[in-house]
Amino acid sequence: MMNFDSLDPGMGEYSPGLHGPLDGGMEPSMDPHLNPNMMQGVELDPEGLAGPGPDTVHLMEGMFSELHSAVSEVGIPVTATHFDLQEEMLWMGNHRGHVTSFFGPTMGRFSSFQANAADDIRQIQSLETGVLFLSKANLKCHTRGGLVMFDYPMDEGADMHSLLMTDNNSLIMGGFQNYVVEMDLNTVQETQKFTVDLPGVAIMRQTGRFFFCGHTSGRVTLRDLRSFKTEHEFDAFSGSLSDFDVHGNLLAACGFSSRGMNGLACDRFLMVYDLRMMRAVTPLQVHVDPLFLRFIPTYTSRLAIISQTGQCQFCEPTGLANMADIFHVNTVGQLLMSFDVSASKQALAFGDSGGCVHLWSDAPEVNFNDYSRETEFALPCLVDSLPQLDWNHDLLPISLIPMPLTSTEHLLSEWSTAQAAPSPRRAPPVDPEILRTMKTVGFIGYAANPRTRPRNQVPYKIKDVELNYDNYSEVPESPQGRDEEPHLYMVPKKYRKVTIKYSKLGLEDFDFKHYNRTLFAGLEPHIPNAYCNCMIHVLYFLEPIRCLVQNHLCQKEFCLACELGFLFHMLDLSRGGPCQASNFLRAFRTIPEASALGLILADSDEQTGKARLGRLIQSWNRFILTQLHQETQEQEGPQAYRGASSRSEPPTERAFPVGVVTKHSSLGSSGESAIGKLFGCEVENSSLCRCGKETVRSSLTLLFTMHYPEQNSQEKTLKEYDFAEILKKSICLEQSTQAWCENCEKYQPTVQTRNIRCLPDVLVINCEVNSAKEAEFWKVQAEYAFNKAKQKEAMEPPKPKEPPPPALPTEWCLDGEDCNPNGFTFDTKAEDLRHVWIPLSLKMCISKSQGLEICSWPEGEELSDAEEAEGASVYDLVVTVPHVLDARTGGNLIAHIKVGETYHQRKEGVTHQQWYLFNDFLIEPIDKTEAAAFDVSWKVPAILYYAKRNYHTKYDLRIKNPIDASVLLTEASLARKQRKSHATFIPLMVSEMPQAGDLVGLDAEFVTLNQEEAELRSDGTKSTIKPSQMSVARITCVRGQGANEGVPFIDDYISTQEQVVDYLTQYSGIKPGDLDAKISSKHLTTLKSTYLKLRFLIDTGVRFAGHGLQKDFRVINLLVLKDQVVDTVHLFHLPRKRMISLRFLAWYFLELNIQGETHDSIEDARTALAMYRKYLELSNGGAPDEVRKVLKGLYEKGRQLDWKVPESDTGDQGQGSPKSAAVFPSVMGL
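The numbering of the sequence shown is the working numbering, which starts it at 1 and goes up by one.
Keep in mind that a hint or two might mislead.
Claimed, not checked - DSS-like, lysine-lysine: derived pairs with alpha carbons at most 25 Å apart:
(1) K843 <-> K719
(2) K729 <-> K556
(3) K746 <-> K693
Think of the hints as simulated: they come from the structure by calculation, not from any bench.
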């Protein structure tokens, strides 16, 4: 007899066959590496699977030998093995809950997945549709590919060890508890629970007549399957039961015997029982220490007895064991932990403590089952066989690119039911504003949407979200708060986010004058990344910047300075109407630095308020100044843009941080830019190591960032600081940091100081109020300043009231309104200074003795001659950009701008200064103290601009139009396949250059970049929330007079780098591929190139004839004066009647059939010209009443035909109809 102590020390307490999981005591005996010297013909392939050695395995019939071995996870014990009963597969589960399946005798890996996150796999059972995996307190069913079919958790305290299928749809589970559970697999529910004696049931077997339960106490009980009552009991071993099996009328068991003080020892006698007489027969002595046993009934009822060390013996249960029948499983020093026999009895599987599975067979061509169904394999990986994908192709579907799962976290589908219990989300409460304004008709209530939450979205944590809405959950009773935005009752309406309400006519019937009674031009906010509208206004009202960019023109396709110049030109021409920065923002989205800095927002971030606009606009401010500084240095002098040449330009590299330009950088090589002169400040950065080595570096900075003093933790209240004091410390910054010292040759504590050598003309300050700590600092300092102002006012005697100066009309006042030349404020009271900390004027100078000096300065006072001689300067506050908070939408950005004298002198020749609020297209004059006041509970400062008094006098403010006639000359196409024989236009000759008053036919076609967003109202009507984003795709201009009248001189297809969602081929004639330079056969240009051509024609003064030109110019982003536009949609229109299509007008007046299948811009432009000629003929030939009579006949005919061209007239004519050919000559004919 072998004592149990000679086995693994941990096995006396934890038998793998009974107890499954291993504790820490097993870890030292597990060798995590396989010893190559003991592999004996077994090789590990790179995939981690073991294959057969180079020697061919010769198997004798009836003799078991090792066929294959495989490794799932090295060093992780295999706690369960199972031959699939339906397919040719072998399953194994390990100590960490991971499951792997192998296909066929070659043991190719089929699937591998995690069945349990924490516990080991104790038994595996295959079903028709899936595989069951039993762990300590969980039963899980997966498909053979690894998908979860169900996850059934056990009761708390369960310790399951075995399961047994009683029929196809039910099973019984037992373990170390006082009950056994019967479960229905169809409903995945417990059907019965039977009580058993402790320590429970560890092993279960079944024959046709009996149900057998093995207990760790050494007993085997026979039970009635229906009632689970004990019918008979065998007391097999005095110690513990290890394993037993049943076949025919025999039951064989192995286990451990009690040896008194020596504990348990493995018993080498197998107990055999005859089930006919229910008594024991002669025990069977074996030569190995049995741990597992199975009947292998092939020719006879053989028994396979397995020891933990890998010895395997075959014997007859009624005969004597033979030493010649002992084989050894090559476990390489590991211990066997699991064992199973295939249904065909041809294969044996062993799992060891090193993570290896050994497959033994008695035949080279082995079948696990007598009749196995065909296994469905996963589709082969197609990654290696994919064709080469051209990433630059506009039509490349991104879905073709496979995305690997790189995350190591568990997927949601892998969570247990306990971790992912269903928790229904309660519906949010109805908005009080809806209940207040609701009108009831019958039992249905109607109310306007207050837009307090994103459409079609409900927040998950409703309580948390409601608490975060600025704690203004109650609707105030004051009239000011009872509006459509009750949570913003403290915010004046003019500061709130403005939106455009679209109708069927788009923007035509939207009253912009309600929001803007000045002659300034607002900016539309619905374009992506329009959060920067406020800063565009700021740059426009800095006169040197406005003149600089309008004089700038370069060859780069996407140049922000050029696009700003085009936009500022439109703002100059506009007389109170809004403009849109679509072309500028389109170029902005292509700048790689903007994307890298996170300045380009997704639509979802703008709509849901995820963007932190205050921090974002400060980064944008730093970026735009640096970008303009670079772009205005790269190109000197006006030069016409050539789109084809710019594509070959290498990208410009930067070697400096955004906002700081080193003097030795590439930007400094071409001289100082106007941006550098205006904003630049030469800075000396000194780094002093504690070893005494000092390093001095000079650079040019374009703006400064505020740095606030750290509050002492012992002080409960903040100290009082003057703004000038904080500003000086922020400019002349001193801080300690770790830096590399070349003298010490290591990182050392270094004191870094910054000093400025000169003063900029415009001082730009980023406030950096990005947290509650900085906001509290501003609030406290504003309270200190307000209290001082009240004390000062109380001590001073009241001033006598002065009569206001006479009103002076200016161009900024509409309808004869009177405006005060000095703004609204005549005398500032202390109450007006609430929330004001920043001064309206600063005095700054750099002295040799004390360095930079900054102090507040009375607004109206001038410097003395002595102070000017010392180099002092007065800086006036000209711009403040605050962030208006709104927790629901993210808030919005607005700008307070002081429009100075130079702007009014240039426009009207009057002297006038006034502060204005710019909130996209809402513009209002405001008081100067309102511009400097920041109530940080809703209005947080972001950017400040201080300008040197009279700084503009040293700048040349003249604008010379850089666009000349060269833009109309012949240019190369971007398309590689374009041929001259396919030319659709003839460029203008020098003798044909247009003059003021010349007529030009124009038409444009568009494609859609983003679809329209709309919602249905309660009454069934549609409300447009966000219009579709269009992009111009083709622009055609035809000659309007001369011998070549009707011949195109511009027919450009516009290349786009943005994703097109709809080519609108039926209406535009644009097909996929027409805008792609690689495959297009059209004359392809850039938008900038064609834009310059149209700008030259507009600046020359030509008149454009077309149909629906207002929309065309809007999408192209051009502003054309009304006297330069001849729109046939308005010429042939009666008031309060519908607009008539060009197709119907051409059929009715010209007997032309156009736009048969698709639209063609050349045809439409020619037809619009002809319609204008027809209108002149009608108006010159008779009185106005005659024209009106003709139009009435037109409308009457349209109503009769339902505004459709009759089918009888649409047969032979079309785009190439004889009549249209007779009206205009073809290009090829010329």
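Note to self: Under the constraints set out in the numbered hints, which ones does this structure not fulfil?
What the structure shows: 2
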